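Letter by letter, the chains look like this.
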Amino acid sequence: MKTPSIFKAVNGLGLLLLFIIFAMPFVWMASTAFKTLGETLTFPPVWIPETLQWENFTQAWNSGPFLKYFFNSVIVTLFILILQFATIIPAAYAFARYNFPLKNFFFALTMICLMIPSQLIFLPVYLNLSSWGILDTIWGLILPFVTSAFGIFLLRQSFMQVPEELLEAARLDDATEWQIIRKIMLPLAKPVLVTLALFSFIAHWNDYFWPLVMTTTDTARTLPLGIAMLRQVEGGASWNIVMAGNLLLVLPILVIFFFAQRHIIRAFVYTGVK
Amino acid sequence: MAEIRFENISKTFNEDRVVKNISLTIKDGSFTVLVGPSGCGKSTILRMLAGFEKQTEGDIWIGDKLVNDLSPSKRDIAMVFQNYALYPTMTVKGNIEFGLTNRKVPKKEREQLVGEIAGIVGLTEHLNKKPDKLSGGQRQRVALARAMVKKPKVFILDEPLSNLDAKLRTQMRTELIQLHEKLGTTFVYVTHDQVEAMSMGDEIIILNHGVVQQKAAPIDVYENPGNIFAAEFIGQPPMNVFERSAFAGTLDGLPEEAHYIGFRPEHAGISSTSASVPHTIELESEILALETLGAETIYKVKNRIGVMNIRSFAAPLPKNASCFVTIPFEKLYPFGADKTAGPGLDLSVKKEAALNGVD
Ligand SMILES: Nc1ncnc2c1ncn2[C@@H]1O[C@H](COP(=O)(O)OP(=O)(O)OP(=O)(O)O)[C@@H](O)[C@H]1O
Ligand SMILES: [Mg+2]
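So the sequence lines, in the order shown, correspond to chains H and X.
Heads up, the first sequence is in the numbering used here, so the first residue is 1 and it goes up one at a time.
Heads up, the second sequence is in the numbering used here, so the first residue is 275 and it goes up one at a time.
Think of the hints as simulated: they come from the structure by calculation, not from any bench.
A quick note: this is a predicted structure, and the numbers were derived from the prediction, not measured.
There could be a bad hint or two in this list.
Here are the simulated lysine-lysine pairs, DSSO-like style, with alpha carbons at most 27 angstroms apart [to be verified]:
1. H:Lys190 / X:Lys328
2. X:Lys367 / X:Lys403
3. X:Lys407 / H:Lys190
4. H:Lys103 / X:Lys489
5. X:Lys613 / X:Lys489
6. X:Lys404 / H:Lys190
Now the in silico label distances, taken between C-beta atoms and shown as ranges [said to hold, decoys possible]:
7. H:Thr176 / X:Arg291: 30 to 36 angstroms
8. X:Trp335 / H:Pro163: 53 to 59 angstroms
9. X:Lys403 / H:Thr137: 49 to 55 angstroms
10. H:Asn128 / X:Arg291: 40 to 46 angstroms
Glycine included, every Cβ here is placed at the ideal spot set by N, Cα and C.
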């Protein structure tokens, strides 16, 4: 009787601690976004601002060409997403379902890509794009990410679980390979596809490093760069404005997370089963 | 409608010769059952016929078409898979319709065909369900409907009933037989269950290690097994087979060529009393074990020939009792040195001579 309740308490306490560790920065960001500049500097810190400073958001938005950044971000993430699917799906299908010369070699190569940190190869990629003359353009932000080794790996796993008879039945039913992918493989891999889309979207929506390297002017800059630049305006950093910008940045992700939650959990359960 | 011909078909999977030089003709409109133990190459043969696997050597004909290089969908066949292979994300209707849609059959015609077939297999009220909402038997019917709707020349069925429970299996067996009669199409059916083979096929092909052991009508396979393998494979319990030497002193005057002698458990009699019947071997035996199945009893007995199974429809005898086993002489099956039944092995011609040896 006694031990379980202690155990429960410890367990609950642990969970609470974890929650605080994860939620704290987020709550801090949200709270700061509504403060006056004065409130951001007080000690001890206030958690709930006296009045909600909604104008922080307009100020953040207006302190640079944010509409432009926003569109750049949307276009870059969307194109990356579409192009990734266009390359991942056929590649995963081929690796999962075909036999071709050097298949294992090519798959090993793909897996190696998964293990090399991007910081290691950014220089050669940069030089490459520079020789193509697409530095500081949207394409320079998109092209390095048109495929994803992780995506190929994960989708291949999921394609391999589809029983061979299903494909044979479809072939007897006069389905083309493309129809097999579209009508049979993809519907079965839906949880994985949703996960991949989310990963890709979050990674590239939030990406700071590569746009920082690639862009020199506002023509191709994305939201994370714009937000980071908020710090540099007006001499000292007005954290309330920076945090308001940050909140704007993560808002789309939060919205998507909210709606896709069910799929995400299922995707992790699904990939965890085998 | 099509006759199927295999000409010198072999299949090798990395060094492993799984199908060995098979030549076969499957009659147009027949219900031909391929039967054999696990791993003997049944599925491989079907898959070569369907075009999923390419034979290493030989030609396959369907009707008057050489199909060696035709893709599966061009062979005018339909297949029912062991695990049904229904498209899980499509409804029953979607499953049945998929092939038609891919063939660009107009919607109206499609609707009509699907409706018709669904009626035949009794799925009309389930058309909008997904396969995971169906029972095993219903899934089986969807798989059948999906095959039927294409009106193929040949139906290929790979152990289609093995995932069903015993009762449903019996029911589907009858339904399949009726379906075959109704359609009149060639059915090629694979099973490792000899009861299924005997009850469904109008022709049975017994395979072992990728070699055809016998091809005949079920009753012929039973009455005139082509070799010891066929003799032991068909029938439950299997035929008792002994080397010639076991019969020394019991049965003299056997033809030279008879190296093995067999008899079916149900052809022997068992009784607690001796009754010297003419034209019969009588063996004093000891009952080692018995299985009482209600209508029949299966004994394992030991006597001077060896240990053998006896199947009897009489009231069961007590265990460990001694008894007399009788084997009518005309029910003995002789086999040659190569384990086949061949000419010159007919015991009946030497019946009288051999009879003198009965003690
Ligand atoms: N793709 C393959 N690669 C290598 N070997 C294979 C392949 N397919 C089948 N085999 C081998 O061929 C032999 C025959 O297999 P097959 O599936 O035809 O047997 P089966 O008679 O259908 O058996 P079961 O009753 O168990 O289904 C087996 O030894 C199997 O291991
Ligand atoms: Mg098989």
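Could you say whether the range 53 to 59 angstroms given as a hint is met by the Cβ separation of Trp335 (chain X) and Pro163 (chain H)? Once the Cβ atoms are compared, 30 angstroms apart, the range 53 to 59 angstroms for Pro163 (chain H) and Trp335 (chain X) is violated.
Compare the distance between the alpha carbons of Lys613 (chain X) and Lys489 (chain X) with 27 angstroms, and conclude whether the hinted pair is satisfied. Measuring from Cα to Cα gives roughly 16 angstroms; hence the hint holds.
Taken at face value, is the distance from the CA of Lys328 (chain X) to the CA of Lys190 (chain H) at most 27 angstroms? Measuring from Cα to Cα gives roughly 33 angstroms; hence the hint is violated.
Looking only at beta-carbon atoms, does the pair Thr176 (chain H), Arg291 (chain X) fall within the given range of 30 to 36 angstroms? For Arg291 (chain X) against Thr176 (chain H), whose Cβ atoms are near 34 angstroms apart, the range 30 to 36 angstroms holds.
Would you mind confirming whether the straight-line C-alpha gap from Lys407 (chain X) to Lys190 (chain H) stays at or under 27 angstroms? 20 angstroms, holds
For the range 40 to 46 angstroms, tell me whether the beta carbons of Asn128 (chain H) and Arg291 (chain X) fit it or not. 52 angstroms, violated
Given hint Lys190 (chain H) paired with Lys404 (chain X) - CA-CA distance at most 27 angstroms: Within the cut-off at roughly 16 angstroms; holds.
If you draw a straight line from the CA of Lys103 (chain H) to the CA of Lys489 (chain X), is it 27 angstroms or shorter? It is violated: about 43 angstroms lies between the C-alpha atoms, which goes past 27 angstroms.
CB of Lys403 (chain X) to CB of Thr137 (chain H), is that within 49 to 55 angstroms? 52 angstroms, holds
Next pair to validate is Lys367 (chain X) with Lys403 (chain X); report whether the Cα-Cα distance is within 27 angstroms. Within the cut-off at roughly 8 angstroms; holds.
The structure fails to meet hints 1, 4, 8 and 10 from the earlier list, while all remaining hints are met.
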